[in-house]
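Starting from the given sequences, assemble the full structure and let the hints guide the process.
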Amino acid sequence: MSLESGISRTSLRQILATHKWHPYKLQLLQYVNEDDPDRCTEFAEWAKEKLEQDPQFTQKILFSDEANFYVNGEVNKQNHRYWSDTNPHWMDSSKTVGTTKVMVWCGIWGTTLVGPFFTNGNLKATGYLKLLHDDVFPSLCTEAGTFPEFFQQDGAPPHYGCQVRAFLDEQFPGKWIGHRGPVEGPPRSPDLTPLDFYLWGHLKAIVYGVKIRDVQHLKLILDACAGISPAVLLSVCEEWEKRVALTVQHNGQHTEHTSQTCK
174 MSLESGISRT
184 SLRQILATHK
194 WHPYKLQLLQ
204 YVNEDDPDRC
214 TEFAEWAKEK
224 LEQDPQFTQK
234 ILFSDEANFY
244 VNGEVNKQNH
254 RYWSDTNPHW
264 MDSSKTVGTT
274 KVMVWCGIWG
284 TTLVGPFFTN
294 GNLKATGYLK
304 LLHDDVFPSL
314 CTEAGTFPEF
324 FQQDGAPPHY
334 GCQVRAFLDE
344 QFPGKWIGHR
354 GPVEGPPRSP
364 DLTPLDFYLW
374 GHLKAIVYGV
384 KIRDVQHLKL
394 ILDACAGISP
404 AVLLSVCEEW
414 EKRVALTVQH
424 NGQHTEHTSQ
434 TCK
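Per our numbering, numbering of the sequence shown is gapless, rising by one per residue and ending at 436.
Calculated from the structure, these hints are not laboratory results. Each residue gets a CB set at the ideal place from its N, CA and C atoms; glycine is no exception. Please note that a few of the clues may not be correct.
Taking lysine-lysine pairs in the DSSO-like style, the calculated list, with each CA pair at most 30 Å apart, reads [stated by the list, open to error]: (1) K415 x K348; (2) K392 x K303; (3) K297 x K415; (4) K274 x K297; (5) K233 x K193; (6) K221 x K392; (7) K297 x K233.
Here are the simulated distance ranges between beta carbons [stated by the list, open to error]: (8) V388 x A329: 16 to 24 Å; (9) E411 x H306: 26 to 34 Å; (10) I180 x H306: 54 to 62 Å; (11) P330 x I180: 45 to 53 Å; (12) S408 x T191: 20 to 28 Å; (13) D307 x Q187: 24 to 32 Å; (14) G328 x T191: 21 to 29 Å; (15) R186 x Q226: 48 to 56 Å; (16) D308 x G328: 40 to 48 Å; (17) K297 x D387: 23 to 31 Å; (18) D308 x Q187: 48 to 56 Å; (19) T284 x A329: 19 to 27 Å.
Written out as structure tokens, the structure is:
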């Protein structure tokens, strides 16, 4: 606005303040099907029962997800502000389309951040299976010999290929969460996915804090991941437990507006 009008930024802010206009952030809205709340409630009740049986249950789940990071940085909604005298509650249900990107896989397992692992181009079932087999699961081996008891993934098409499901059945018999899995995951529920409600926003805020030059520069993600402490990851797990309870309380409706994001 300053560039277009020739008015200084300071003067523009004074004008906006005089007219009591405020900056509002665009809320990205997840599309919901009619039966999604019932399915979310069913999952949340299952998770709540598990937590009642074992208070450490959350620490035994490997939560996983992928996200695209674009060189143009358009996915960073943290930078978008819309000025108005009242909150317009604008929402955007569209996906960002970028030309140059890298796909990042990460996992949260208790106080451990697994990954990141990078994939160029679009991910298909064969590539996802190779990622799990060659990179993700070998990285889970610890000196103590511990291993996640449950594995969670969302309903992205590469996740429920026949070979992928067969592999997960072998690695986590009866104990993986996802579309067509032994435990049906909550559909279209970023508010119940720790990587959606915490990790991706945190990483993108850091990565896009500087101007990205190229795909290799996006590997700043490595440094951003290394800076996340076990204490923060523990608070993320605790937040997930609160969101599970809220989902049951609100009959499967999204809880983004009633729960707080971890920092």
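A quick look at each hint next to the structure:
no.: 1; hint: K415 x K348; result: holds, 22 Å
no.: 2; hint: K392 x K303; result: holds, 21 Å
no.: 3; hint: K297 x K415; result: violated, 33 Å
no.: 4; hint: K274 x K297; result: holds, 16 Å
no.: 5; hint: K233 x K193; result: violated, 49 Å
no.: 6; hint: K221 x K392; result: violated, 37 Å
no.: 7; hint: K297 x K233; result: holds, 27 Å
no.: 8; hint: V388 x A329: 16 to 24 Å; result: holds, 21 Å
no.: 9; hint: E411 x H306: 26 to 34 Å; result: holds, 31 Å
no.: 10; hint: I180 x H306: 54 to 62 Å; result: holds, 58 Å
no.: 11; hint: P330 x I180: 45 to 53 Å; result: holds, 49 Å
no.: 12; hint: S408 x T191: 20 to 28 Å; result: violated, 40 Å
no.: 13; hint: D307 x Q187: 24 to 32 Å; result: violated, 57 Å
no.: 14; hint: G328 x T191: 21 to 29 Å; result: violated, 49 Å
no.: 15; hint: R186 x Q226: 48 to 56 Å; result: holds, 54 Å
no.: 16; hint: D308 x G328: 40 to 48 Å; result: violated, 22 Å
no.: 17; hint: K297 x D387: 23 to 31 Å; result: holds, 24 Å
no.: 18; hint: D308 x Q187: 48 to 56 Å; result: holds, 53 Å
no.: 19; hint: T284 x A329: 19 to 27 Å; result: holds, 26 Å
Violated hints, listed in ascending order, are 3, 5, 6, 12, 13, 14, 16; each of the other numbered hints is respected by the structure.
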